[in-house]
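Number of protein chains: 2
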Amino acid sequence: MKPTNSLERVLAVLEVFSEERLEWMPEDLMRELGYSRPTLYRYLKILKDAGFLMSTRNSGVTLGPKVVEMDYLTRRSDALVLHGVPYLKELTTAYSCTAMVLRWYGNKILCVVSESSAKKPISSYPRGRPMPLGRGAIARSIMAFLPRPRLLPLVERNLADLRSVGLGDTAEDVLKSLKKVRKAGFSVAYGEVTPGAVGIAAPIFDDRHYPIASVCVTIAGNLVTGALIDQIGAEVRRVALQISADQPRQGRKSKP
Amino acid sequence: MKPTNSLERVLAVLEVFSEERLEWMPEDLMRELGYSRPTLYRYLKILKDAGFLMSTRNSGVTLGPKVVEMDYLTRRSDALVLHGVPYLKELTTAYSCTAMVLRWYGNKILCVVSESSAKKPISSYPRGRPMPLGRGAIARSIMAFLPRPRLLPLVERNLADLRSVGLGDTAEDVLKSLKKVRKAGFSVAYGEVTPGAVGIAAPIFDDRHYPIASVCVTIAGNLVTGALIDQIGAEVRRVALQISADQPRQGRKSKP
DNA sequence: CATCATAATCTCATATTAAGAGATTTTGTT
DNA sequence: AACAAAATCTCTTAATATGAGATTATGATG
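Chains A and X, in that order, are what the protein sequence lines are.
Taking numbering that gives the first Met the number 0, the leading residue of the first sequence gets 0, the next gets one more, and so forth.
Taking numbering that gives the first Met the number 0, the leading residue of the second sequence gets 0, the next gets one more, and so forth.
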């Protein structure tokens, strides 16, 4: 995963920005990335000229306006956003909840669009905020449908989290729990991500039945009973499958 | 502006995505960018692995989830967004309108945050959608405060648009009109961007009194009279100056 | 299921050009 | 005006990006 060529090294500059560190000083970037002074400044100049970065008054750098513009384009081009919204509205009309579509990418889950009918929406994960893989109904709904060789390393890497939410002590136990999710077709989580909130999620598949995203409904725990959860689960599953079916058929493989 | 090194050439791939062309086929990219087949595929692989691009079923490429994640970070790190929101709320509380902060970057104006109290918001420029420089109160509020050497080429490049909204026939005439805007401290536009909507804008300055952004209020034309527009203009100007003052002092120059 | 057409990747010799040490200039502060 | 810090420049060398062409995946078709 270490950058091996100069192309990846420029992009690596953009990778260091995170919620914990939104602004960087050139000096710190040199240390963090291990680039020489002229090289780093060269990279910064290129990234600034392209609008990916901008410099702040106190000579730090932050992500720039080009990112904002590209995100706008992403909202217009993402098939899951475009096809998903009407279905999410169905769900928020039927229940007082937050409904969203989340993409799986890297080792993260990322909300790409959400709709809400709850008076006081409880989700702390708006568009673009990455969620960890180990907790919550969403991650589980996706993992449950991964082929074993792809799944196992993932489970092992996130075992601590998975254990803490009671999925099982060993990797094999976790796999068993996930098999049940697979059978049900949707997953449920009680307050794993946000206290008091119930998450109900089902996977979206690509044309090879490979899970690439998830539909999730988040609803206040005091609003739901066991029977209602099953009902919502069935609806979420239906919606996820319909969004899957809306995706264009045919095509080549893509790195998940 | 033509890419001169391989670093800029990778980034140039991201530049071709636009509202008119949200998805590209590799073959078309080769033609558009003039790259050889192996080189293009190399670039695509790197950009896909980093999440900047993703491939769709029918083997086209679109902007990817990393963009979404970075935009989330931008919302959290942009000083204008962070400081601007409370002021925008002031404006939307006082009037039934849409109030926004827009950055000036490249040859474009870009909304970075907006608030609305209008029943039916009329702006067609949400976060991230670039506006042209030649029309609207926003662009004018910024141009009016640019030093002449910076301004003149800009006016000449956008003369057709500027003329069509009645700012003057020649570049010199336009400069005169802008001088009046500068004196007033804010600019007004009647239906230049959206028919029936009045735009009222004032610039945000950096610590060298250089305009870098703008505050704009958009309000339905039938809701305002001349006197009210002046009142709103004064408020918008006040807000823009306060946001300017909130910016951290000191620092080095940045390319506008 | 075999064949075909297209898309994506690989190989490798060569020219291109990124990289970095250190000097120099620019910028803001005292 | 003088100083300190930040950013850029110069120039040589080693590193590596490039593309023609061959090769391998991949999905479509009969």
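For the record, the hints were derived by calculation from the structure and aren't laboratory data.
In this text the structure is predicted, and so the values were computed from the model without any measurement.
Don't take each hint at face value.
If chains are identical, the list can't say which one is meant, so a pair holds when it fits in one copy or spans any two.
With a cut-off of at most 30 Å between alpha-carbon atoms, the simulated DSSO-like pairs for lysine-lysine come out as follows [unchecked claim]: (1) 179 with 47; (2) 179 with 119; (3) 107 with 119; (4) 118 with 178; (5) 178 with 1; (6) 88 with 179; (7) 119 with 178; (8) 118 with 47; (9) 175 with 118; (10) 175 with 47; (11) 182 with 47; (12) 88 with 118; (13) 107 with 88; (14) 47 with 1; (15) 119 with 47; (16) 119 with 1; (17) 182 with 88; (18) 178 with 44.
Now for the hints, and whether the structure bears them out:
1. With identical chains, the CA atoms of residue 179 and residue 47 are never at most 30 Å apart, being 49 Å at best within one copy and 33 Å at best between copies.
2. For a Cα distance limit of 30 Å, the shortest separation of residue 179 from residue 119 qualifies neither inside one copy, at 32 Å, nor across copies, at 47 Å.
3. Proximity of residue 107 and residue 119 under a CA criterion of 30 Å is satisfied intra-copy only: 26 Å inside one chain copy versus 36 Å between copies.
4. In the homo-oligomer, the alpha carbons of residue 118 and residue 178 never lie at most 30 Å apart, since the shortest distance is 35 Å inside one protomer and 48 Å across protomers.
5. Taking the closest pair of Cα atoms, residue 178 and residue 1 never come within 30 Å of each other, the shortest separation being 34 Å inside a single copy and 54 Å across copies.
6. In this homomeric assembly, residue 88 and residue 179 come within 30 Å of each other (Cα to Cα) only inside a single copy, at 29 Å, whereas the closest approach across copies is 48 Å.
7. In this homomeric assembly, residue 119 and residue 178 never come within 30 Å of each other (Cα to Cα): the closest approach is 34 Å inside a single copy and 48 Å across copies.
8. Proximity of residue 118 and residue 47 under a CA criterion of 30 Å is satisfied in neither setting, with 41 Å inside one chain copy and 39 Å between copies.
9. For a Cα distance limit of 30 Å, the shortest separation of residue 175 from residue 118 qualifies neither inside one copy, at 37 Å, nor across copies, at 52 Å.
10. When the C-alpha separation of residue 175 and residue 47 is checked against a cutoff of 30 Å, the pair qualifies neither within a copy, at 49 Å, nor between copies, at 33 Å.
11. In this assembly of identical chains, the alpha carbons of residue 182 and residue 47 never lie at most 30 Å apart, being 50 Å within a copy and 33 Å across copies at closest.
12. Proximity of residue 88 and residue 118 under a CA criterion of 30 Å is satisfied in both settings, with 15 Å inside one chain copy and 20 Å between copies.
13. Proximity of residue 107 to residue 88 under the C-alpha cut-off of 30 Å is restricted to the intra-copy arrangement: shortest distance 25 Å within a copy versus 34 Å between copies.
14. Proximity of residue 47 and residue 1 under a CA criterion of 30 Å is satisfied in both settings, with 23 Å inside one chain copy and 15 Å between copies.
15. When the C-alpha separation of residue 119 and residue 47 is checked against a cutoff of 30 Å, the pair qualifies neither within a copy, at 39 Å, nor between copies, at 37 Å.
16. For the identical chains of this complex, residue 119 and residue 1 are neighbours neither inside a copy (43 Å) nor across copies (50 Å), given an alpha-carbon limit of 30 Å.
17. Within a single copy, residue 182 and residue 88 get their C-alpha atoms as close as 27 Å, which meets the 30 Å cut-off; across copies the closest is 49 Å, which misses it.
18. With identical chains, the CA atoms of residue 178 and residue 44 are never at most 30 Å apart, being 50 Å at best within one copy and 33 Å at best between copies.
Going through the hint list in order, the structure does not satisfy hints 1, 2, 4, 5, 7, 8, 9, 10, 11, 15, 16, 18.
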